[in-house]
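**Q** One-letter residues, chain by chain:
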Amino acid sequence: MSRLDSHDEFFIGYLGVPPQLKRFLLGLIPVLVLGALAFAFILPPLHFDHFNLGKRTKVPEFEGLLVGEPSPHLLVPRTGDVGTVSDFSLYLLSGTGKTSPKPKVLEHVDKWVKLKGTPFHRNHLTVIATKSAEPIDRPTSGPTQPAEGSSLGEFSLKGEIVDGKCYPGVMKPGRTKTHRSCAIRCIAGGVPPVFVVHNSVGDKLYFLLSDLDGKAVNDKVLDRVADPVQITGEVVQYADAFVLKADPATYQLL
Amino acid sequence: MGVAYKAVQWNRQKFVYDIILLTTVVFYLFFFEGISLHFSSDLDIKGIWIRAFGSAAFILLHVILSIGPLSRLSPKFLPLLYNRRHMGVTMFILALLHARDALAWYHDFGNLEPIVSLFVSNTHYADFIRFPFEALGGVALVILFLMAATSHDFWLTNLTAPVWKALHMGVYLAYGLLVGHVVLGALETNTHPLLTLAVGVGFVWIVGIHLITALREAQKDGAPLFGPPAQPKVDADGFVHVGSVQDIPENRAKIAVVAGERVAIFKYEGKISAISNVCQHQNGPLGEGKIVDGCITCPWHGYQYLPESGISPPPFTEKIPTFNVKLQGDQILVSAKPNLPGTPVVPAVIGQV
Chain A
52 MSRLDSHDEF
62 FIGYLGVPPQ
72 LKRFLLGLIP
82 VLVLGALAFA
92 FILPPLHFDH
102 FNLGKRTKVP
112 EFEGLLVGEP
122 SPHLLVPRTG
132 DVGTVSDFSL
142 YLLSGTGKTS
152 PKPKVLEHVD
162 KWVKLKGTPF
172 HRNHLTVIAT
182 KSAEPIDRPT
192 SGPTQPAEGS
202 SLGEFSLKGE
212 IVDGKCYPGV
222 MKPGRTKTHR
232 SCAIRCIAGG
242 VPPVFVVHNS
252 VGDKLYFLLS
262 DLDGKAVNDK
272 VLDRVADPVQ
282 ITGEVVQYAD
292 AFVLKADPAT
302 YQLL
Chain B
1298 MGVAYKAVQW
1308 NRQKFVYDII
1318 LLTTVVFYLF
1328 FFEGISLHFS
1338 SDLDIKGIWI
1348 RAFGSAAFIL
1358 LHVILSIGPL
1368 SRLSPKFLPL
1378 LYNRRHMGVT
1388 MFILALLHAR
1398 DALAWYHDFG
1408 NLEPIVSLFV
1418 SNTHYADFIR
1428 FPFEALGGVA
1438 LVILFLMAAT
1448 SHDFWLTNLT
1458 APVWKALHMG
1468 VYLAYGLLVG
1478 HVVLGALETN
1488 THPLLTLAVG
1498 VGFVWIVGIH
1508 LITALREAQK
1518 DGAPLFGPPA
1528 QPKVDADGFV
1538 HVGSVQDIPE
1548 NRAKIAVVAG
1558 ERVAIFKYEG
1568 KISAISNVCQ
1578 HQNGPLGEGK
1588 IVDGCITCPW
1598 HGYQYLPESG
1608 ISPPPFTEKI
1618 PTFNVKLQGD
1628 QILVSAKPNL
1638 PGTPVVPAVI
1648 GQV
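Note that the protein sequences, when read in sequence, are chains A and B.
If you're matching positions, the first sequence starts at 52 in the working numbering and goes up one per residue.
If you're matching positions, the second sequence starts at 1298 in the working numbering and goes up one per residue.
Since the hints were made in silico from the structure, they are not lab data.
Heads up, a few of these hints could be off.
As the list claims (entries may be wrong) - Only pairs whose alpha carbons sit at most 20 Å apart, straight line, appear in this in silico DMTMM-like list of lysine to aspartate or glutamate:
1) A:K106 - B:D1627
2) B:K1343 - A:D278
3) A:K209 - A:D100
4) A:K106 - B:E1330
5) B:K1530 - B:D1405
6) B:K1568 - B:E1547
7) B:K1373 - A:D278
8) A:K255 - A:D278
9) A:K106 - B:D1339
Throw the hints in and build the complete structure from the sequences for me.
**A** Set out below in structure tokens:
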């Protein structure tokens, strides 16, 4: 049996620490404490997705056209010279929790509304956690009628289905497996699912998902949320957003 | 020592131990938040706390699991073992805070109760890669709760030390579940090599140090690595030869396996006595203890027994089995049959044949 030293020191908790053992502990404990504390410095920078995180901005009211499909969204007219880009900005809509906007909001679908809520955005993807909406008159100036969607053809895209609320900024980074259950709850509750794709140069592209008829797919994609998947379907440009139309049954797990 | 179940028998060592422990935890959480916000002030604070609590609990669990084998390898580490239960309870509280925040953050505000959502949102229980890692953490938390809730000596005595010890061995199951929880959760998402390396090194360290300790213990017992343990030779009177008087330092013991049980054979004041190696308190190794003030003193928490009877000195009442001892010259012989706990035995006197 190993012994402390020739004096045969013996530690008894209620009597105090013998001198040689105390010297050993005075060396060991600081090393142990500093070793543990070192992880507080090492671990945070290892966290993934520190950049392009979502942000909450304080813009309390929006005026635009409320659209119901494939997922609730608001089309807000752009003012001034917009050049070649769309006349409208498209903002996804959710409720204040892991929900779709309230029925009192959705009853104004296809109408112009003044909408109150908290916007979150990540890159050019914005969601508004909608609190309320009230109908307003169609504006008399500026763009008032969005163009029909234009098909860009069929594409096969690899990416991840995220929920359109946490990912833009409510939770950060709001994607991958640790976020899967939350994303499933969000999408099951009516938050729009969004397909995130990285192109060949690393840019992020966002696609709203719809079935072949342009309807919402929320309940049909829950099993594929937060997994690497490949979706093949028709990409339709609508305002400044892309909609990927495909049968959820054809989504392929990678 | 069991005379009354006072809430906590505080002493200076425990105060110092707890102050170092809690200060370290507080500073860890404080630094973790500060460094996280330094790298990105836009990170959500809840997410930072979930990671801070979870990582603190996991690191602390590694420390807790290291103390046992280190103490077997060198008694220098015994002061860390002395108040390890407070470390365990602190670790459970950190794990609970991690679970509470994660449950609220990821599962609240939806169309299901959060606790239901935890188990039914991701149901790929048959798929390794897609496995719902949260469930592993949930089961581990239940084990840690049972351990924390029964950590007090009240439960130790009423469950009996062997049952209590078996229950607390559940920490190894919890550790395995938590390694799975981290690997299939955080590491699957965050594949930074340093993070993977840290978890891997931690796992190898814990498994390695336990294996080394187990091998050394088996070596000391003279047990083969494989196959049945060697049976000691029992003489016609039912005694087993366990070695020489010279093998044992004064006021210390030699541990020998007699009839499948470890026996502590102490030398003191020119006498030899043998008692069970298992302390009544937490089943600590009495043979690694010392005679202090005429009492065999357990190295773990200082529980004491009179060497001639295996009974704690009055007013305490713990009792452990004793063994009859005799000497042939300087050779020690111990009875292969233990006496009932607390049975007085006349010590063998050295030099008296």
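**Q** Could you work out which of the previously given hints the structure breaks and list their numbers from low to high?
**A** Checked against the structure, the hints that fail are numbers 1, 2, 5, 7, while the rest are satisfied.
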